[in-house]
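K.L.:
Each chain, written out:
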Amino acid sequence: MKFILLLILFSSQLMAYTFNNNFGASFKDNDVKVMIAGNSACDPDNVGLTFGELQDLIDPAIDKFWNRVPTSALRLSFGGFTNDITGIGSRRLCAPTDEACISSAPGATIEPVREIVIACNDLPINFGSLNVLAVTIPNQFSGKDIVGSVILINNQAGSAFKNLSKTDQIGVIAHEIGHAIGLGHTDDKAAMMYYRTVDLRRALGEDDMRGVSYLYPMKLDGFGLLGGCATIEENKKQPPSGGSFLTMLAGLFLMVFVWELKRLLKRSQARPTL
Amino acid sequence: MKVILILTMGFLFLLATAQGDTNPSANKNISFNLGSHTEFYDAVQNDDSGGLRKFDLAPTIGIGLKWPLKSQFLFLPEFNWVLPQTMEKSHIMINTFMLRADAGYDLLSWLRLRLGTSLMWQNQQGKGGTAQMNNGNTTSNFYYPDENRSSLNNTLDFGLESVFDPLAVRLQVYTYSVFKKEQRQFSYTVFLTYYWDKSL
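Sequence order for the protein chains is P and C. Once you know that position 272 of the first sequence is 272 in my numbering, the rest is easy, because the numbers rise by one and skip nothing. Once you know that position 197 of the second sequence is 471 in my numbering, the rest is easy, because the numbers rise by one and skip nothing.
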């Protein structure tokens with residue numbers, strides 16, 4: 001027993017992931033689309049991105065990072081373009097509970113969106129500084145579910161975004177997608193959700209993987225064949241799947257394992273000592 | 275991946291069709307495991323300059339059975355527990371449990387091959403709370419998880435075990451998302467196993 005306690009004491013101490021809302025909100029569906037606001041062209045002198053180049057940042061931000069966690073059921077994909085939000089390139093981004101935004105004139109703020117929408121935006125109040133590369137807010141909820149999130153890239157003259165390498169720009173987009181799916185910052189410099197860019201970003205950190213697995217847990221993937229379901233609560237509403245069958249099989253296996261273990265121990269005790 | 279599948283099928287075919295008596299050198303007995311588990315080899319960034327994690331010291335304990343089958347084949351079910359990992363002042367506690375079974379083949383008197391599968395259950399218990407952290411030019415409140423949630427995965431496993439009776443050293447590799455290339459990851463555990471031979 002002392003040995004086990006010692007092991008527990010020496011087990012790893014990790015940083016901790018956080019959420020950007022106090023109720024651990026996540027998208028209800030595990031398949032989430034990331035779209036570009038087609039009516040928010042980035043200024044070539046400020047951000048220097050065409051829509052094609054922006055998509056070239058989104059694809060690796062999704063595939064190289066967030067879609068690579070096998071313990072998470074979240075699957076992000078590029079969903080094309082949307083022109084639904086008029087004037088998204090120059091309006092204010094607010095959280096649904098932001099008093100200042102609620103009291104502002106109708107049409108002055110970006111209305112709630114569905115899925116994840118990325119746009120270039122040049123309104124200084126959204127960023128506070130030219131060094132703030134981008135901002136993100138889940139701006140529509142339904143109960144504990146995120147319905148839509150907005151990511152704004154700093155499109156002001158002199159924005160620091162333009163001077164980043166392509167690798168860093170991908171990292172920035174991946175970081176903002178992290179916020180869009182519900183994650184907050186962490187103190188761990190190795191994590192994608194660290195608040196600053198780092199020297200080189202090659203993969204998610206442990207905090208990121210744990211966080212996305214908590215928000216979108218995998219519920220038996222059948223070696224990758226079954227895909228995942230959603231959160232625990234949602235799973236209860238779903239009919240039994242292949243995953244449920246495997247769970248039953250595992251339960252049966254555990255019962256046989258414990259029964260055999262007990263039987264062997266009993267036989268060992270019953271044997272007379274020589 | 276096709277190669278892995280062909281090897282797996284071949285191994286299972288050999289197991290099913292093996293001729294001969296029950297492995298005479300293998301008694302049915304209980305094993306105790308002690309090891310260190312590394313999750314997602316070479317796929318987790320562990321510093322700010324792009325370094326990827328190759329080894330993690332995550333103490334793991336377990337108990338298993340050694341069940342002789344035909345010829346040099348064995349059935350090796352076991353249950354392992356990666357001891358709790360706590361995240362930043364215990365705001366989050368993580369437990370990983372592995373319910374697994376291998377088919378073993380004694381290639382040499384001291385070398386055993388294993389092929390099997392695991393049910394990986396990773397549980398995260400959040401205790402809630404807030405943290406004030408940098409956010410752009412200011413600081414903001416961020417929130418720790420306050421619920422108990424679990425991920426479940428099936429893995430395809432390979433093991434190489436060096437047996438020095440009653441002890442054994444083993445490298446056990448777990449393949450996540452075998453059939454989904456873009457999401458496939460490998461974890462591994464290095465085990466020291468004690469086979470408790472009570473001539474059962």
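Keep in mind that the hints are not guaranteed to be accurate.
Said to hold, decoys possible - Below, a sample of chain C positions facing chain P; criterion: calculated Cβ distance under 10 Å:
no., residue
1, Leu326
2, Trp341
3, Leu343
Unchecked claim - Covered by chain C, per the in silico footprint, the following chain P stretches (three or more residues, Cβ under 8 Å):
no., region
4, 70 to 77
5, 124 to 132
6, 149 to 156
7, 203 to 212
8, 258 to 264
Calculated from the structure, these hints are not laboratory results. Glycine included, every Cβ here is placed at the ideal spot set by N, Cα and C.
K.L.:
Now, for every hint given, state plainly whether the structure supports it.
P.N.:
Structure-based check of all given hints:
no. : hint       : result
1   : Leu326     : holds, 6 Å
2   : Trp341     : holds, 8 Å
3   : Leu343     : violated, 14 Å
4   : 70 to 77   : holds (count 3)
5   : 124 to 132 : holds (count 5)
6   : 149 to 156 : violated (count 0)
7   : 203 to 212 : holds (count 7)
8   : 258 to 264 : holds (count 3)
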